[in-house]
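Asks: Quick note, the sequences are listed as chains U and P, same order.
For the first sequence, position 395 matches number 811 in this note's numbering, and the numbering has no gaps at all.
For the second sequence, position 260 matches number 676 in this note's numbering, and the numbering has no gaps at all.
Warning: the hint list may mix true and false statements.
Remember, identical chains collapse to one label, so a pair may be satisfied in a single copy or spanning two.
In silico DSBU-like links for lysine-lysine, alpha-carbon gap of 35 Å or less [what the hints assert, rightly or not]:
{"#": "1", "residue 1": "K772", "residue 2": "K575"}
{"#": "2", "residue 1": "K796", "residue 2": "K428"}
{"#": "3", "residue 1": "K796", "residue 2": "K501"}
{"#": "4", "residue 1": "K442", "residue 2": "K575"}
{"#": "5", "residue 1": "K463", "residue 2": "K442"}
{"#": "6", "residue 1": "K610", "residue 2": "K463"}
{"#": "7", "residue 1": "K618", "residue 2": "K805"}
{"#": "8", "residue 1": "K575", "residue 2": "K709"}
{"#": "9", "residue 1": "K813", "residue 2": "K585"}
{"#": "10", "residue 1": "K621", "residue 2": "K768"}
{"#": "11", "residue 1": "K751", "residue 2": "K585"}
{"#": "12", "residue 1": "K428", "residue 2": "K621"}
{"#": "13", "residue 1": "K709", "residue 2": "K621"}
{"#": "14", "residue 1": "K758", "residue 2": "K464"}
{"#": "15", "residue 1": "K501", "residue 2": "K462"}
{"#": "16", "residue 1": "K462", "residue 2": "K480"}
{"#": "17", "residue 1": "K428", "residue 2": "K618"}
{"#": "18", "residue 1": "K768", "residue 2": "K742"}
{"#": "19", "residue 1": "K768", "residue 2": "K480"}
{"#": "20", "residue 1": "K480", "residue 2": "K742"}
{"#": "21", "residue 1": "K463", "residue 2": "K706"}
{"#": "22", "residue 1": "K618", "residue 2": "K706"}
{"#": "23", "residue 1": "K712", "residue 2": "K743"}
What the hints contain is simulated information worked out from the structure, not anything from laboratory work.
All values reported here derive from a predicted model rather than from experimental measurement.
There are 2 protein chains.
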Amino acid sequence: MAPPQEDENTLKILLATDIHLGYMEKDPIRGNDSLVSFEEILEIAKKKEVDFILLGGDLYHDNKPSRRTLHGSMALLRRYCMGDKPIQYEFLSDQSVNFSHCQFPLLNYEDQNYNVSMPVFSIHGNHDDPTGTGNLCSLDLLHSAGLVNYFGKTSSLEKIQLSPLLLQKGTTKLALYGLGSVRDERLHRMFVHKNIAMLRPKENKDDWFNVFVIHQNRSKHSATNYIPEQFLDDFLDLVFWGHEHECRIDPEWNGNQNFYVTQPGSSIATSLSEGESAMKHVGLLMIRGKDFKMTKIPLETVRQFYIEDIVLSETTLSPDDHDISKKVEAYCQQKVENLLQKAEAEHTGNSKQPDKPLIRIRVDYAGGFEPFSVYRFGQKFVDRVANPKDVVLFQRKRVNTAKKEEGGE
Amino acid sequence: MAPPQEDENTLKILLATDIHLGYMEKDPIRGNDSLVSFEEILEIAKKKEVDFILLGGDLYHDNKPSRRTLHGSMALLRRYCMGDKPIQYEFLSDQSVNFSHCQFPLLNYEDQNYNVSMPVFSIHGNHDDPTGTGNLCSLDLLHSAGLVNYFGKTSSLEKIQLSPLLLQKGTTKLALYGLGSVRDERLHRMFVHKNIAMLRPKENKDDWFNVFVIHQNRSKHSATNYIPEQFLDDFLDLVFWGHEHECRIDPEWNGNQNFYVTQPGSSIATSLSEGESAMKHVGLLMIRGKDFKMTKIPLETVRQFYIEDIVLSETTLSPDDHDISKKVEAYCQQKVENLLQKAEAEHTGNSKQPDKPLIRIRVDYAGGFEPFSVYRFGQKFVDRVANPKDVVLFQRKRVNTAKKEEGGE
Ligand SMILES: [Mn+2]
Ligand SMILES: [Mn+2]
Ligand SMILES: [Mn+2]
Ligand SMILES: [Mn+2]
Chain U
417 MAPPQEDENT LKILLATDIH LGYMEKDPIR GNDSLVSFEE ILEIAKKKEV
467 DFILLGGDLY HDNKPSRRTL HGSMALLRRY CMGDKPIQYE FLSDQSVNFS
517 HCQFPLLNYE DQNYNVSMPV FSIHGNHDDP TGTGNLCSLD LLHSAGLVNY
567 FGKTSSLEKI QLSPLLLQKG TTKLALYGLG SVRDERLHRM FVHKNIAMLR
617 PKENKDDWFN VFVIHQNRSK HSATNYIPEQ FLDDFLDLVF WGHEHECRID
667 PEWNGNQNFY VTQPGSSIAT SLSEGESAMK HVGLLMIRGK DFKMTKIPLE
717 TVRQFYIEDI VLSETTLSPD DHDISKKVEA YCQQKVENLL QKAEAEHTGN
767 SKQPDKPLIR IRVDYAGGFE PFSVYRFGQK FVDRVANPKD VVLFQRKRVN
817 TAKKEEGGE
Chain P
417 MAPPQEDENT LKILLATDIH LGYMEKDPIR GNDSLVSFEE ILEIAKKKEV
467 DFILLGGDLY HDNKPSRRTL HGSMALLRRY CMGDKPIQYE FLSDQSVNFS
517 HCQFPLLNYE DQNYNVSMPV FSIHGNHDDP TGTGNLCSLD LLHSAGLVNY
567 FGKTSSLEKI QLSPLLLQKG TTKLALYGLG SVRDERLHRM FVHKNIAMLR
617 PKENKDDWFN VFVIHQNRSK HSATNYIPEQ FLDDFLDLVF WGHEHECRID
667 PEWNGNQNFY VTQPGSSIAT SLSEGESAMK HVGLLMIRGK DFKMTKIPLE
717 TVRQFYIEDI VLSETTLSPD DHDISKKVEA YCQQKVENLL QKAEAEHTGN
767 SKQPDKPLIR IRVDYAGGFE PFSVYRFGQK FVDRVANPKD VVLFQRKRVN
817 TAKKEEGGE
């Protein structure tokens with residue numbers, strides 16, 4: 417992974433995933449968060465003058481997004497992605513194959529009726545997968561409106577053949593594979609039965625830089641409801657893993673498979689879990705020949721989120737203390753105050769980053785302590801946190817059960 | 417209304433309204449009807465090489481159309497309306513005023529990122545009016561996707577000022593006013609209180625041909641829940657009345673107001689009433705100077721619909737006849753057979769016109785007759801009519817109560 421020089425042979429791609437447009441859109445405080453960060457991502461892509469944006473699924477939180485969310489996202493895509501800037505790479509594969517599942521089986525920027533300055537390529541996630549009559553999803557709407565290029569849609573339940581999108585910029589050749597979200601157990605089984613085939617360019621196979629975009633469980637939930645990295649073809653150079661919301665965007669080397677894996681993580685926290693509290697990023701992927709470089713770019717508009725665990729039995733508090741209930745509450749209150757101070761100090765300064773952070777205190781009250789009213793506690797912070805109703809979560813076991821809520825979304 | 421010559425000064429406009437996309441979309445027989453006729457309308461417009469299409473509201477049947485309907489309509493609009501053909505008229509009014517309620521306050525064909533060969537202009541109807549957060553409707557989605565030009569959206573509850581779209585082709589000048597559906601009582605009151613103002617071009621007022629598109633009750637339901645024609649300004653030349661589903665497309669002269677009214681009617685029957693059984697049409701409006709000509713064009717793909725009234729007491733049947741119940745049923749059955757024969761004979765021959773017609777027999781059984789099972793009766797025609805469940809409607813009075821179901825939809 418030698419950092420390539422940026423020149424006319426460098427493909428610049430913005431990687432982002434799990435934007436979850438419309439998440440909590442009815443919440444008066446958090447309702448706009450997802451669209452704000454989507455706009456930031458588009459802004460970054462524009463500023464970095466990327467060749468295209470690559471999304472890893474779950475662009476929408478709801479399978480049937482509200483009109484407001486659909487309209488807001490279409491308007492942003494039109495505003496940022498339509499324009500006169502020429503596309504500086506060639507498309508070499510057969511569009512009618514790559515987009516065979518779309519009513520307009522071609523790239524939006526190759527339709528002479530649309531001027532596209534910054535193409536978006538996306539697979540679907542489990543939140544925005546095709547359903548119902550016609551097996552359509554929200555990305556079909558965007559594709560048919562000329563706003564995105566929706567790929568990786570498969571229909572077979574038996575066998576999947578993935579034909580890569582083949583792009584060439586100068587001397588750099590990219591084979592881009594994508595597979596929209598499939599139920600993990602089913603995909604697991606298909607892999608085991610060798611029913612997933614990744615087609616490769618016929619000529620000069622080894623000249624291509626091979627990227628695979630996937631939206632599945634990466635962490636093992638049970639024996640078969642995740643996709644082990646070793647299932648993936650080892651000719652791949654980089655796997656772009658969507659669905660997992662924790663940012664692990666720095667490419668991780670898999671020595672068995674001889675590929676890197678990047679997991680950009682979501683651009684919004686859809687659960688108040690450890691993994692979601694990590695800083696959110698998108699990635700600037702530069703590919704030159706067979707080399708690549710990933711630059712992580714922090715998102716400045718994402719609502720801050722701090723989580724802290726308290727084990728009451730490990731504090732100086734004792735269940736026998738006078739007024740212990742009030743003392744526990746005061747203790748928790750101080751923790752929240754500390755996190756609020758931290759949030760204030762760490763605010764990015766971006767005017768679009770909200771002021772009220774998400775705060776979560778997980779309180780293990782094992783050992784004879786009593787929980788207090790979570791609702792009443794939250795009321796103290798109603799003007800200062802974005803989630804007053806669930807600032808505190810009581811747990812009874814010292815063992816960390818919170819792991820359950822981790823993982824893909 | 418002298419028929420103008422067609423030349424470089426002739427504006428050609430296709431008028432259509434109440435297309436009700438998605439109507440009965442879950443019905444296995446009728447589910448596709450609305451999209452089929454929408455495509456026929458687009459085809460006609462393309463074939464006639466109109467300058468633009470003008471829609472009178474209720475493009476969608478449901479305020480929140482299904483994804484299938486939304487996608488189907490977007491795909492058709494892209495297929496028929498995007499293209500290289502130059503627009504042969506000038507737009508003279510301020511787009512940012514005409515489309516001030518849109519996030520992209522400009523004409524789709526004036527956005528250099530879109531190639532539009534056949535613009536569509538539309539107001540909203542009562543079925544697809546703006547609602548919810550952001551006060552958006554389906555036409556906002558189409559407008560922001562560059563597929564239609566959505567005008568006539570007002571927000572004031574107090575006072576409405578209508579700024580016309582001003583178009584000029586050669587020497588012909590068109591002032592196009594539009595008002596999306598407003599609750600009839602409210603609009604009635606606003607008219608009474610002189611709170612509706614139609615702004616006029618400052619110069620050479622009398623050179624303009626003035627068209628007003630409106631989507632309200634035209635027929636009087638009660639004293640205030642319709643808009644009397646005399647409420648409308650008499651400088652108008654032609655009123656395009658949407659919402660009323662009966663085809664009365666031939667312009668009707670209103671001598672008091674000195675304007676014509678054309679009511680194209682819906683392109684799909686959304687109720688089994690008399691008015692809906694008239695042949696469905698769209699209109700080719702040609703305007704040259706202050707003259708215009710309307711050519712009605714029958715829609716060939718619309719599902720046939722026949723309705724007939726039977727008053728049992730006026731037949732040779734008597735309640736005292738032996739086996740009268742069977743005889744009544746046989747009588748009705750014969751009527752349906754006759755209508756089915758008629759339908760077969762009158763089929764347009766267009767391969768997209770469905771074979772199974774809608775049939776409705778309204779049976780007045782006053783005078784001692786008994787109704788039979790409507791469901792069982794319909795089963796006899798389950799393979800031959802599109803509406804087996806409601807072929808027969810029993811009524812008890814000789815007075816025609818069916819008028820109630822007539823009127824705007
Ligand atoms: Mn997911
Ligand atoms: Mn997700
Ligand atoms: Mn209507
Ligand atoms: Mn209607």
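Asks: Does each hint hold? Answer for all of them.
Replies: Each hint, compared with the structure:
1. K772 x K575: Classified as neither: same-chain Cα gap 48 Å, cross-chain 39 Å, threshold 35 Å.
2. K796 x K428: neither (47 Å within a copy, 66 Å between copies)
3. K796 x K501: neither (52 Å within a copy, 64 Å between copies)
4. K442 x K575: between (40 Å within a copy, 31 Å between copies)
5. K463 x K442: within (31 Å within a copy, 46 Å between copies)
6. K610 x K463: neither (42 Å within a copy, 52 Å between copies)
7. K618 x K805: neither (58 Å within a copy, 58 Å between copies)
8. K575 x K709: within (33 Å within a copy, 59 Å between copies)
9. K813 x K585: Neither. Shortest intra-copy (56 Å) and inter-copy (78 Å) distances fail the 35 Å Cα cut-off.
10. K621 x K768: Cα proximity of K621 and K768: none, with 45 Å in one copy and 48 Å across.
11. K751 x K585: neither (52 Å within a copy, 71 Å between copies)
12. K428 x K621: within (22 Å within a copy, 56 Å between copies)
13. K709 x K621: Result: close within a single copy only, 21 Å intra versus 65 Å inter.
14. K758 x K464: within (31 Å within a copy, 67 Å between copies)
15. K501 x K462: both (11 Å within a copy, 31 Å between copies)
16. K462 x K480: Answer is both: 28 Å inside a copy and 33 Å across each meet the 35 Å cutoff.
17. K428 x K618: within (25 Å within a copy, 53 Å between copies)
18. K768 x K742: neither (37 Å within a copy, 76 Å between copies)
19. K768 x K480: Close inside one copy (27 Å) and across copies (31 Å); limit 35 Å.
20. K480 x K742: neither (45 Å within a copy, 51 Å between copies)
21. K463 x K706: within (25 Å within a copy, 52 Å between copies)
22. K618 x K706: within (18 Å within a copy, 66 Å between copies)
23. K712 x K743: Classified as neither; 43 Å inside a copy, 83 Å across copies.
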